[in-house]
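Q: Sequence:
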Amino acid sequence: MKRREFISLIGGGATAWPLASRAQQPAMPVIGFLHPGSRRELRRGLAESDLLEGRNVAVEYRWAEGQLDRLPSLAADLLRRDVAVIVGNSQALAAAKIATSTIPIVFVAAQDPVKLGWVQSLNRPGGNMTGIHWFATEVEAKRLGLLRDVVPTAKTVAVLVNPNFPTAGSQLRDVQEAAAPLALQLVIGRANSEGDFDAAFATFVQQQAAALLVCASPFFNNKRDQLVALAMRHKLPAMYEQPEFARAGGLVSYGNSVADIYRQAGVYAGRILKGAKPADLPVIQPTKFELTLNLKTARALGLNISDNLLTLADEVIE
Numbered sequence: 004m005k006r007r008e009f010i011s012l013i014g015g016g017a018t019a020w021p022l023a024s025r026a027q028q029p030a031m032p033v034i035g036f037l038h039p040g041s042r043r044e045l046r047r048g049l050a051e052s053d054l055l056e057g058r059n060v061a062v063e064y065r066w067a068e069g070q071l072d073r074l075p076s077l078a079a080d081l082l083r084r085d086v087a088v089i090v091g092n093s094q095a096l097a098a099a100k101i102a103t104s105t106i107p108i109v110f111v112a113a114q115d116p117v118k119l120g121w122v123q124s125l126n127r128p129g130g131n132m133t134g135i136h137w138f139a140t141e142v143e144a145k146r147l148g149l150l151r152d153v154v155p156t157a158k159t160v161a162v163l164v165n166p167n168f169p170t171a172g173s174q175l176r177d178v179q180e181a182a183a184p185l186a187l188q189l190v191i192g193r194a195n196s197e198g199d200f201d202a203a204f205a206t207f208v209q210q211q212a213a214a215l216l217v218c219a220s221p222f223f224n225n226k227r228d229q230l231v232a233l234a235m236r237h238k239l240p241a242m243y244e245q246p247e248f249a250r251a252g253g254l255v256s257y258g259n260s261v262a263d264i265y266r267q268a269g270v271y272a273g274r275i276l277k278g279a280k281p282a283d284l285p286v287i288q289p290t291k292f293e294l295t296l297n298l299k300t301a302r303a304l305g306l307n308i309s310d311n312l313l314t315l316a317d318e319v320i321e
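Position one of the sequence shown corresponds to residue 4 (our numbering), numbered consecutively onward.
A portion of the hints provided could be inaccurate.
25 angstroms max Cα-Cα, derived DSS-like pairs, lysine-lysine [stated by the list, open to error]:
hint, residue 1, residue 2
1, K280, K299
2, K291, K238
3, K299, K100
4, K226, K299
5, K158, K280
6, K118, K280
7, K280, K100
8, K277, K145
9, K145, K118
10, K291, K118
11, K145, K280
12, K145, K299
13, K118, K100
These aren't lab readings, by the way, just hints derived from the structure by calculation.
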């Protein structure tokens, strides 16, 4: 995920840290970034970023490397570092929410933060948490329709879902409702560990699925390369949530702009460093979506992408 905007905005906000707050914080404000993913993504972002760490802000990164049971201890470690604000996604910050009710938290959440009990309302969060509620799961039906446009001959579509993801039930219902008017047969595969992938794809092949919808899930995002490789090995044209999948060789993706989401998280982190209270910062709901097509992958799969889809695409990878 791109974090150039996120880091630069943090750096800009840190220079205006109020004098009263400085007396209670380390000489240089510290941002705690807690995430269940991999260090590899961090390094890609750092390579593209003009970071000012060590000058006007410090960033403490904690990565669970896909092991969610590590998140509580990582959150506790950040608290011992006297961080001024914690930023992360919903899985990571569930641990931070338990660990503190006072340190400001900026979340990037695919789930409704009101239903999670994190905020009182989207307009007036009311506690120590605010952030971005992005639509990772609510657009599965749209993804299915776009996948049908990319592979118009498909009659049977495989659907990969993470049963441990809290919105898995609603994701499947939305996809099933969308499949009916399109006269599509669905083959459902479930995976909550890397060891489940081979069995799921074997079922897809056995049931002669002609395309694959990978439902939104942080776990799937962390296993991006494996999923893209499996889809290509089995010659399954696949639709994913994030453009990083298409850039890694996946066929097509559709979802909120991840770069813009983390830019907005950076804005909020900067405002909090300037003295704003999370309770007064409304939860943001992004409206920008990106359609990304990988033409190289389409050619490898023997697909012809229509001019209409190419025109609609925000990014076309040659």
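Q: The structure should be examined with respect to each hint, and the outcome stated for every one.
A: Results of checking the hints against the structure:
1. Restraint check for K280 and K299: the C-alpha separation of about 47 angstroms exceeds 25 angstroms, so the hint is violated.
2. Of the pairs offered as hints, the one joining K291 and K238 is violated, with about 30 angstroms between alpha carbons and a cut-off of 25 angstroms exceeded.
3. A C-alpha spacing of about 43 angstroms is found between K299 and K100, which places the hinted pair above 25 angstroms, so the restraint is violated.
4. This hinted pair checks out: K226 and K299 have alpha carbons roughly 21 angstroms apart, not beyond 25 angstroms.
5. Restraint check for K158 and K280: the C-alpha separation of about 52 angstroms exceeds 25 angstroms, so the hint is violated.
6. A C-alpha spacing of about 21 angstroms is found between K118 and K280, which places the hinted pair at or below 25 angstroms, so the restraint holds.
7. Taking the CA atoms of K280 and K100, the gap is near 16 angstroms; set against the 25 angstroms cutoff, the hint holds.
8. Between K277 and K145 the alpha-carbon distance is near 39 angstroms, which puts this suggested pair outside the 25 angstroms criterion.
9. Our distance criterion of 25 angstroms between C-alpha atoms is met by K145 and K118, whose separation comes to about 23 angstroms.
10. Distance check on the hinted pair: K291 and K118 sit about 23 angstroms apart at the alpha-carbon level, within 25 angstroms; holds.
11. Distance hint between K145 and K280 is unfulfilled; the C-alpha atoms sit about 36 angstroms from each other, more than 25 angstroms.
12. The hinted pair formed by K145 and K299 meets the criterion: a straight-line CA distance of about 23 angstroms does not exceed 25 angstroms.
13. With a C-alpha separation of about 14 angstroms, the suggested pair K118 and K100 falls inside the 25 angstroms cut-off, and the hint holds.
When each numbered hint is compared with the structure, violations occur for hints 1, 2, 3, 5, 8 and 11.
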